[in-house]
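Enquirer: Letter by letter, the chains look like this.
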Amino acid sequence: MHRPKTWLVSEVRPCSPERGRVAGVNFNPLTIMKTIRQLTAGLALIALVAGCASRGVKNPSGVPVTRMNADEQGFVAGTGVESQDLVAVTDKMARSILGIQAIATAAAPPIIVLDPVENKTRFPINKDIFLTRIRTELIKKAGGRVTFLARDRMAVLEKERNLKREGAVTAASNPQAQEFAGADYFLTGTLEGMSTRTAAGTSDYILYTFQLINARTSAIVWEDNAEIKKQGLEDAAYR
Amino acid sequence: MEPHTNQTGVVINPVRPRPPTATGRPGKPAHGRCCGVRVATGGCALLGAVLLVAGCATPPAAKVALTGDLLVDGPNLIAHGPARDQVLWQYRTAVAALRRGQFEVARPLLDAALARLQGVYGPDSEARKSRGLFQRESRKTFIGEPYERSMAYVYRGIIYWRDGELDNARACFRSAMFEDGDAENQAYQGDWVLPDYLDGLATVKLGGDGSAALQRARAHARNVLLPDYQPRANVLCLVEYGPGPQKYRAGTYGEELRFRTRRSEVFSATLKTGAIRQFVAPCDDLNFQATTRGGRVMDHVLANKAVFKHTTGAAGDAALFGGLATAALSRDRTVQGVGLGVALAGLLAKGFSSATTPEADIRQWDNLPQFISFASLQLPPGSQVLTVEFNNGAGAPLPSLTKTINVNVRADRDTVVFVSDSSTTPENQ
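Protein sequences appear in the order of chains C and B.
According to my numbering, the residues represented by the first sequence are 1 to 239, in order.
According to my numbering, the residues represented by the second sequence are 1001 to 1429, in order.
Source of the hints: derived by calculation from the structure; they are not laboratory data.
Keep in mind that a hint or two might mislead.
Said to hold, decoys possible - To give an idea of the chain C side of the interface with chain B (calculated C-beta under 7 Å), a few residues:
#, residue
1, THR121
2, PHE123
3, ARG197
Unchecked claim - If you want the footprint, here are the derived chain C segments under chain B, 3+ residues with CB under 8 Å:
#, region
4, 80 to 93
5, 124 to 136
6, 233 to 239
Stated by the list, open to error - Which bits of chain B does chain C cover? Going by a derived footprint, with three or more residues having C-beta under 8 Å, they are:
#, region
7, 1128 to 1136
8, 1290 to 1300
From a predicted model like this one, the values you see are computed outputs, not experimental measurements.
Glycine is no exception: its CB is placed at the ideal position from the N, C-alpha and C atoms.
Bound conformation, chain C alone:
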């Protein structure tokens, strides 16, 4: 019996002469077996993929600590107040304050007291952090042109002064003298927000406004603002 060198899929080679032709259509058992084998292989592949996916855990080995600059957006982000906003806003405010006449041309370094900012946004924040960073930026960059009072430490300072007055500890100057300084200016600010939520996502706009107020006259001697808008949309699984 003649046997071809190679078997072609299209070639009909019935198992026996009487089989392989049904209603005018040729069926090859090997082709059928091949189909079954392919289906089985497909099933195995799907099971493999499904098996791997069902056991999958995001970043199973964790994500190594990534050191980032405070002024850059990390891979974890929301639409609220974040470190890069804090840095951008306080840098701008510190530069702006140093340029005003009341500071630049003052005969003696003006004395400034920080008054906590008021948060009118929908994001609970650490309010002190804004003024703390503005203060440190001003102290770093002003070269002694401004003085800040540590009013938030008054309880400790008064206790120390009383110890000096009682003679319990030494004093470099007359402890009876009133040396706690008064403020020339108050530095304060307000955070205001506008938020929108639709099917397209969430949008948050925050206006950061800071003021320097003359403590004697209540005049606003300086005011500046910064504005940041953010938008985002969560995965459909959360909508």
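Model the placement of chain B on the given structure of chain C, informed by the hints.
Expert: Leaving out everything else, chain B in the frame of chain C:
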């Protein structure tokens, strides 16, 4: 060649090499010699079965011994339980702590939960997978439905107020309203009463104008008359009672998220201190908030999954039975082979159907109340005893639920009292 056993103990039959053809390449098996095909097919089937079983095996759940005390189990599960449920346990534990007057325990838990909530934007691989045909919705990190998220903000706002940070408290109440901002029906968007009312009160106490928030709160109030703000009131009482909404699955495949309203035996409360008697009607009903949210985007995803499951299941049934019937009825081996092939395809389709998971995620913040309400009092600084009675539908107190709170009224800022019908008693706040 003799059969041998591999390292896993599975007996492997040696595969015979195919006879070379005239071209020198291994040839296809000759007609009537389907041994190689059988081996290959059998091997594939075995591999498929093994992988299928391996794929279906769920990862071993982290075993955390439960004591029944949420303040013990909660932190344990937050630390050692599935990461996707962390926020859920933070929510539950925080409320349990509040009901025992342990505000310092609740504070960091809510902060952590809200930090996760606020960072939910953008791609999230687990959330993406939970939308997949073969992954459950509950695979995603739990952050809760809008009413649950709103309540997280309300509780955090109460703690901020208690700490004297009125503007941050107000921020939380605003976020609570914001979470409710995308209800399907516009009439139910941002329709909470208490967060708006407290937003306005905080604004008034900060020296601003809270009338707009008061107006909004009154517009949404049902069956409760909201009083004008009393800026000099220095004791603020947040009262909650009744069982919160319960999630359950509906639909042929459990693809629909529904809420069951449980009947509350408490309908109001009465605050008593000295000669003061103050009736506290419910401001917000969480069942109402849960059931008026409307459809979710995820509901469409789950509905599509259900359609896929149904279609592949039906097609699989038809192919399986049709193929088997063909194979059984025919006396022709070829037709029988075709029938078996169709049946196998049907089996495959059934496998797809079976693997599809349209079930809705019903993880829930299960210790939420049904009603939340508020009352303000003006009391002299110092130690005060506050009695809170919870009343049934007829207005009669339920003695077993009465709470006694020893309140230290502060002179320098507002004193915030939190009372639940499941609070411990007596309690110092």
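Enquirer: Could you run down the list of hints and mark each one as holding or not?
Expert: Evaluated hints:
1. THR121: holds, 6 Å
2. PHE123: At about 6 Å, which falls below the 7 Å cut-off, the nearest Cβ of chain B leaves the hint on PHE123 (chain C) intact, so it holds.
3. ARG197: Holds: closest Cβ of chain B sits about 4 Å from ARG197 (chain C), inside 7 Å.
4. 80 to 93: violated (count 1)
5. 124 to 136: This one holds; 3 residues, not fewer than the three required, reach chain B with a Cβ under 8 Å.
6. 233 to 239: holds (count 7)
7. 1128 to 1136: holds (count 7)
8. 1290 to 1300: holds (count 3)
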